[in-house]
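Order-wise, the sequence lines are chains V and L. Under full-length UniProt numbering, the first residue of the first sequence carries the number 15, and numbering increases by one thereafter. Under full-length UniProt numbering, the first residue of the second sequence carries the number 15, and numbering increases by one thereafter.
Misleading hints may appear alongside valid ones.
[Stated by the list, open to error] Reference excerpt, derived from the structure (chain V facing chain L, CB under 7 Å, subset only):
1) Val84
2) Gly86
3) Ala209
4) Val212
5) Leu299
6) Ala345
If you are wondering where the hints come from, they were derived from the structure by calculation, not from laboratory data. Think of the CB as a built atom: it goes at the ideal place given N, C-alpha and C, for glycine as much as any other residue.
So you can see what is in the structure, the chains are spelled out below.
Number of protein chains: 2
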Amino acid sequence: LDERAMEETRRRLDRLTKPPGSLGRLEELAVQLAGIAGTSELAVVRKAVVVMAGDHGVCEEGVSAFPQEVTGQMVLNFLNGGAAINVLAGQAGADVVCVDMGIKAQLKDERLISRNVRAGTANIVRGPAMTREEAVRAVEAGIGLAEELAAQGVGVLATGEMGIGNTTPSSAMLAALCGLEPEDVVGRGTGVDEAGLVRKREAVASAIRTNRPDSEDPLDVIAKVGGLEIAGLAGLVIGAAANRLPVVIDGFISTVAALVACRLVPAAQAYLIPSHLSEERGHRLALGQLGLDPLLHLGMRLGEGTGAALCFPLLDAAVQVLNKMATFDSAGVSES
Amino acid sequence: LDERAMEETRRRLDRLTKPPGSLGRLEELAVQLAGIAGTSELAVVRKAVVVMAGDHGVCEEGVSAFPQEVTGQMVLNFLNGGAAINVLAGQAGADVVCVDMGIKAQLKDERLISRNVRAGTANIVRGPAMTREEAVRAVEAGIGLAEELAAQGVGVLATGEMGIGNTTPSSAMLAALCGLEPEDVVGRGTGVDEAGLVRKREAVASAIRTNRPDSEDPLDVIAKVGGLEIAGLAGLVIGAAANRLPVVIDGFISTVAALVACRLVPAAQAYLIPSHLSEERGHRLALGQLGLDPLLHLGMRLGEGTGAALCFPLLDAAVQVLNKMATFDSAGVSES
Numbered sequence: 015l016d017e018r019a020m021e022e023t024r025r026r027l028d029r030l031t032k033p034p035g036s037l038g039r040l041e042e043l044a045v046q047l048a049g050i051a052g053t054s055e056l057a058v059v060r061k062a063v064v065v066m067a068g069d070h071g072v073c074e075e076g077v078s079a080f081p082q083e084v085t086g087q088m089v090l091n092f093l094n095g096g097a098a099i100n101v102l103a104g105q106a107g108a109d110v111v112c113v114d115m116g117i118k119a120q121l122k123d124e125r126l127i128s129r130n131v132r133a134g135t136a137n138i139v140r141g142p143a144m145t146r147e148e149a150v151r152a153v154e155a156g157i158g159l160a161e162e163l164a165a166q167g168v169g170v171l172a173t174g175e176m177g178i179g180n181t182t183p184s185s186a187m188l189a190a191l192c193g194l195e196p197e198d199v200v201g202r203g204t205g206v207d208e209a210g211l212v213r214k215r216e217a218v219a220s221a222i223r224t225n226r227p228d229s230e231d232p233l234d235v236i237a238k239v240g241g242l243e244i245a246g247l248a249g250l251v252i253g254a255a256a257n258r259l260p261v262v263i264d265g266f267i268s269t270v271a272a273l274v275a276c277r278l279v280p281a282a283q284a285y286l287i288p289s290h291l292s293e294e295r296g297h298r299l300a301l302g303q304l305g306l307d308p309l310l311h312l313g314m315r316l317g318e319g320t321g322a323a324l325c326f327p328l329l330d331a332a333v334q335v336l337n338k339m340a341t342f343d344s345a346g347v348s349e350s
Numbered sequence: 015l016d017e018r019a020m021e022e023t024r025r026r027l028d029r030l031t032k033p034p035g036s037l038g039r040l041e042e043l044a045v046q047l048a049g050i051a052g053t054s055e056l057a058v059v060r061k062a063v064v065v066m067a068g069d070h071g072v073c074e075e076g077v078s079a080f081p082q083e084v085t086g087q088m089v090l091n092f093l094n095g096g097a098a099i100n101v102l103a104g105q106a107g108a109d110v111v112c113v114d115m116g117i118k119a120q121l122k123d124e125r126l127i128s129r130n131v132r133a134g135t136a137n138i139v140r141g142p143a144m145t146r147e148e149a150v151r152a153v154e155a156g157i158g159l160a161e162e163l164a165a166q167g168v169g170v171l172a173t174g175e176m177g178i179g180n181t182t183p184s185s186a187m188l189a190a191l192c193g194l195e196p197e198d199v200v201g202r203g204t205g206v207d208e209a210g211l212v213r214k215r216e217a218v219a220s221a222i223r224t225n226r227p228d229s230e231d232p233l234d235v236i237a238k239v240g241g242l243e244i245a246g247l248a249g250l251v252i253g254a255a256a257n258r259l260p261v262v263i264d265g266f267i268s269t270v271a272a273l274v275a276c277r278l279v280p281a282a283q284a285y286l287i288p289s290h291l292s293e294e295r296g297h298r299l300a301l302g303q304l305g306l307d308p309l310l311h312l313g314m315r316l317g318e319g320t321g322a323a324l325c326f327p328l329l330d331a332a333v334q335v336l337n338k339m340a341t342f343d344s345a346g347v348s349e350s
């Protein structure tokens with residue numbers, strides 16, 4: 015990041031009519047945005063939530079409260095504007111960009127961006143989710159999409175996802191990348207009961223035992239126990255950083271994607287903006303791995319990018335504080 | 015609150031295309047707003063941040079990093095639109111209503127609502143802050159103002175305050191109301207150094223020793239160790255409840271005001287909406303006394319209503335989720 019722009023932003027913030035640092039994370043956001051933009055002259059920018067969708071073979075193991083066809087049904091709901099992410103992105107003036115990274119159903123809709131690498135992953139309990147080559151293609155698709163959105167004038171991205179069953183591969187990836195136990199990283203996802211939770215833990219343990227992902231090789235982790243939309247989001251994060259765009263990270267699945275991205279490209283970490291703390295069990299651990307401290311504590315567990323979209327107004331607020339507040343001098347206020 | 019409207023709202027939320035309860039606090043907010051409004055047919059409403067200002071005799075003890083004249087200077091800054099609260103309320107489409115509850119300087123400005131009860135409190139280290147009659151008048155002024163704003167069509171209030179030195183009486187009030195030690199409730203306010211922190215703790219201990227406020231008598235606590243803007247905000251909270259308006263509670267000082275309000279009128283508690291968790295030491299304790307769990311974790315410590323204003327978009331989001339999301343039926347999405 016641009017240290018000079020960050021320092022200039024800190025100096026400007028300290029001249030504004032407030033005790034130095036008293037706007038806390040809002041001031042830190044302004045400094046980070048300036049570092050990313052390379053200037054302390056920040057503007058409110060166009061925003062997009064990129065919702066990537068994919069299906070998961072591990073649904074065979076009964077790891078989700080919802081049937082697998084809901085992935086495609088919800089994508090149609092996104093396209094028709096009826097889902098939570100449409101409402102919340104709309105409130106924040108952000109676009110929703112829907113991407114098919116690997117949905118099982120064939121959806122024909124011109125509003126859907128097709129980057130379908132394969133029609134869902136294989137069941138990770140029985141073998142690898144995908145080939146390494148497919149993992150690479152999915153990550154590259156995400157990188158390319160960030161590049162396209164940057165070229166279209168989008169100034170900040172947020173990650174979102176839809177994929178029935180996708181907390182299970184996310185937990186497996188987190189366990190594999192960080193050497194954690196299934197008990198610590200497996201939660202209830204969309205709301206499985208106690209028996210479902212046991213099945214999820216067993217699925218994660220068994221997926222790792224069967225596939226032996228290499229914790230030092232993020233692409234191997236994706237290919238062995240990952241998901242197509244998770245890989246795509248990892249690429250999106252890398253692409254955001256490569257194009258100097260801040261990227262707001264949603265909940266558990268998105269945070270695991272960001273973790274993979276930063277293992278592949280450590281420099282991407284400076285471009286991450288955390289959003290909410292999810293109810294999903296492994297989220298706090300995943301955030302901790304990235305050194306991220308969530309801004310919103312709303313007990314949400316929906317995904318889709320909903321928590322990230324709710325943070326957009328905070329980014330705008332940080333920019334407007336910098337741009338619109340009076341200084342001690344201009345307002346004639348005495349300093350401490 | 016209207017239990018029927020709340021139950022109807024819960025039913026409506028559970029038909030929307032998301033796992034039941036997965037929007038967490040956003041769903042709880044929608045239910046609370048419906049209970050307050052008495053209907054599940056919610057609308058995005060007009061919002062106002064009420065910033066009450068007053069001066070504090072205890073500034074003589076060197077408890078603030080800023081000189082006392084900053085209270086009046088900052089009120090002029092509010093009126094001229096240059097403060098953080100102007101920017102953040104503006105971002106949320108909310109009005110800023112400035113009220114002189116007891117500023118020492120005589121400010122003549124038609125945009126300032128004058129409810130000046132006295133020109134600042136007396137030094138609580140030496141004796142009572144104000145008379146009991148003055149405390150009653152300040153609380154009543156706040157009640158009346160909530161009534162006026164409700165009559166003008168404002169649909170949700172937020173509390174804000176300005177008063178150099180006002181974390182000291184707030185800490186004293188919290189200690190007196192809850193039987194807590196100065197060490198637990200005194201923090202750095204706008205940013206005093208270690209010596210200043212020691213002076214604040216001594217001032218709080220000494221104010222309680224000198225005045226012996228009656229913990230069972232909230233008006234006695236206000237009169238003995240309180241502040242005029244804090245009393246006014248307590249009244250505002252009571253008035254909000256009386257007029258069936260939700261009221262978003264800002265940081266430490268506002269939360270102490272809400273605590274006093276709920277000691278006076280316990281039914282007011284159901285109308286409170288928490289906002290952020292302040293950096294100020296006593297805030298978590300004060301929130302806990304009210305059973306409030308903050309939505310934003312931004313490390314802020316500015317006051318003025320800034321944390322509350324940042325929560326307004328979350329209220330709008332809760333309303334729009336209820337109004338705009340598709341149902342499982344309408345979107346053709348399978349249920350769990």
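Okay, the hints, checked on the actual structure:
For Val84 of chain V, the shortest C-beta to C-beta distance to chain L is roughly 5 Å, which falls under 7 Å, so the interface hint holds. Of the supplied interface hints, the one on Gly86 of chain V is violated, with its beta-carbon coming no nearer than about 10 Å to a beta-carbon of chain L, more than 7 Å. The criterion of a C-beta within 7 Å of any C-beta in chain L is not met by Ala209 of chain V, whose closest approach is roughly 14 Å, and the hint is violated. A cut of 7 Å between beta carbons decides the hint on Val212 of chain V: the least distance to chain L is about 18 Å, and the hint is violated.
Interface restraint check: Leu299 of chain V against chain L, minimum CB-CB distance 18 Å, threshold 7 Å, status violated. Interface hint at Ala345 of chain V: satisfied, since its Cβ lies 4 Å from the closest Cβ of chain L, which is below the 7 Å cut-off.
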